[in-house]
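Two chains, each in its own frame: build the complex with the hints.
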Amino acid sequence: MVAAATSPAAEPLVRRVWQALETVMDPEIPVLSIVELGIVRHVRLREDGLVHVGLTPTYSGCPATELIHRSVREALLGQGLAAVVLETVLWPAWSSEWMSEQGRQKLEAYGIAVERAPAGRIACPRCASRAVERLSEFGSTPCKAHYRCSACLEPFDTFKCI
Amino acid sequence: MSSAAECTAGAVSAEERFRYLLRLADTSLVLGQRLGEWVGHAPALEEDLALANIALDLFGQARLLLAYAGQVEGRGRDEDQLAFRRDAPEFFNVTLAEQPNGDFGQTIVRQALLDAWQVELYHSLIGSTDEQLANIAAKAMKECRYHWRFSCGWLVRLGDGTEESRARVQAALDGLWRFTGELLTPDALDAHMASHGIAPPLALIRSRWEARLAAALEEATLRQPPPAYFPWHGKRGVHSEHLGHLLTEMQHLQRLHPGATW
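Which chain is which? The protein sequence lines are S and D, in order.
The numbering of the first sequence is the working numbering, which starts it at 1 and goes up by one.
The numbering of the second sequence is the working numbering, which starts it at 1001 and goes up by one.
Hints are supplied without guarantee of correctness; some may be wrong.
[Unchecked claim] Residues from chain S that face chain D, not an exhaustive set, calculated with beta carbons under 8 Å:
(1) 55
(2) 59
(3) 61
(4) 91
(5) 139
[Unchecked claim] Reference excerpt, derived from the structure (chain D facing chain S, CB under 10 Å, subset only):
(6) 1045
(7) 1052
(8) 1054
(9) 1056
(10) 1086
(11) 1129
(12) 1132
(13) 1140
I should point out that these hints are in silico values taken from the structure, not numbers from a laboratory.
Glycine included, C-beta positions come from ideal geometry on N, C-alpha and C.
Just chain D, with the same shape it has in the complex (with noise of 0.2 Å):
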């Protein structure tokens, strides 16, 4: 598990490569699934549709990067091998995908930041040395804009609503923020990637990430937490306990049926 962590000075290999598009595929399945679990549940229908639009956006995108995750490892595992057939310690979401939906609020808090950093990375990415990659995101990009005009308008909402609402996302933006170090701060694989162009640095997305952030916040009349420490290591495996129950739902029917198809 640490060998990714420990990189090599020279060029990129195919196992650095799968495990750095692994990072961005499963932080869009894992989110996809987390808010698929809205389905039927949310307070109003419009919103219903909106969540599972944007799993679906969410879904569309952990199916190229797997594709192609699958094409550089060479293994022969395909996308639906990649999804359904891995446990937790393989799968490299950061941390905060994973986290429980909560109220409206918390989820609406989780993915305003995953939104808004997902904007900034895809949109260094389309200048990625690695043309597939810069393809997905150009793709991936508008999409995820697209989702931030949703969850920023309703951080805005709750965040300067009734008090109920406003202690709701203060309180859930403030349980949520110390997963947020993890999206920010770079390890090994990360700085690997960005010394060959593949991905930007990630001091760079923090700065643009925290800038929208601010603003939205600012709007939302919500306070925005302290810096937080980085104790979380989802990208490189190291999962809350939420991962593996969520795998156990999404995974249930391939692992009892192993290549069952509609």
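So that you can see chain S by itself, here it is in the shape it has in the complex (with noise of 0.2 Å):
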């Protein structure tokens, strides 16, 4: 995720664009922004004199494309970018290990669960306990799956391991 600026001269700009990024929020997990979800895949300024922002889709059905999109135009606008071109990039498909450290502790602390490598531990964001129980492998949204504490019998989203 590092930006491939063309210039020397192109990297002030590079990092605003990055630093307006950081702004646009997840629709579905409004704590979690676009960049800390691992879904801003380049920000380029090009020959054209565009800056090039790709963009990868957590699924491919994703219903929140279509607004991260517009979101992103509205904050770089809002920074007087409107020269912008965005580009979908398919290759590599995107991760759930491409979400930032950061964005793991803002999700467990908005009440998300994060499957963490090995597969399968899992813990309460409530109680921390160990002790869950799927209920679904599907969720509210298409990044999540649906549990159940054991302990503290809270029910509560995790983001799937894709």
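Written out as structure tokens, the structure is:
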């Protein structure tokens, strides 16, 4: 996720874009920025003089994708950056491992568990118990599964490991 | 309709590539539409959510594939026009995908048969010489692998469950098995795509699919039906009576108000 600027002069601009992107929150998980989620793949100033921002979807059918694109445009416009091209990047396919450690901690504080390697190690975001049971492989959004804590009985969402 | 079946030995034409992409796209689209019929009707809320989420992934895959197919075709049709403005003979999904939901057990059997197929097919398509198809396949494979975890889990629970659940899924398996020959038997277009490295040889997919299914059916204590004769040709646009009804519902709004948007 390191920005590849075409020239040293481009660096401040590219940095400004990254900073603006850090303010764009995932619409379904409003504590997590799209940078922390790992879906911003590149920011580059190209020969055409435009800033190219590469975004990748978490899931092919995620309904938030279009809203995220719109939010990115608005955030960059707010910084006076209108000459921007949004590119959809499919390869390599997004993985839950691309989420930053900071992002994982924010998710857990928000009440969404994160499956950590080795696969299956899930802790209740409320009481931290490891005694949890899966209620469904799927949940309220395409990126989540549904679990319940056997200790405190709290049901909770878990970020799917894909 | 037979032009795709009479492929020339030479390079792959845009028309041939377009038709092959539609086979993949339409299978995801039609199967997703079927799963969507469960919303509000599944046996439990969790299963309702699961089927809807799988449908969403399938629509996403169909959208990527249809958008690419539209580019390849070069007649200015986008994914919406391809999804909503084609009639049944222009759909090239495999016939199994359009079969009715039946009970929950039948839906699970149909899903498991197709999940196993999509996992193996997309896994191989990651190595396609068609770069855009390879990129879409890499994404789709991860999603389908997760779908298989769900459908295979339910297949085992229902098969190795009560007398009633076992009898129902066995009946569903016996009824749907006859459609699986189409998934695994290459026609001229499949062979043509394979000869150019765009798609894998279906013989390879067959052996992997059979191994995956055999292990799941054994765990589910279900009896594998005898090999199926191959009289179905959905992927050449000749469908069972069910697809037309499905499209009537799916395309109703765009047929009535062409180009309508939210």
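Against the earlier hints, flag every one the structure doesn't satisfy and list their numbers going up.
1, 10 and 11
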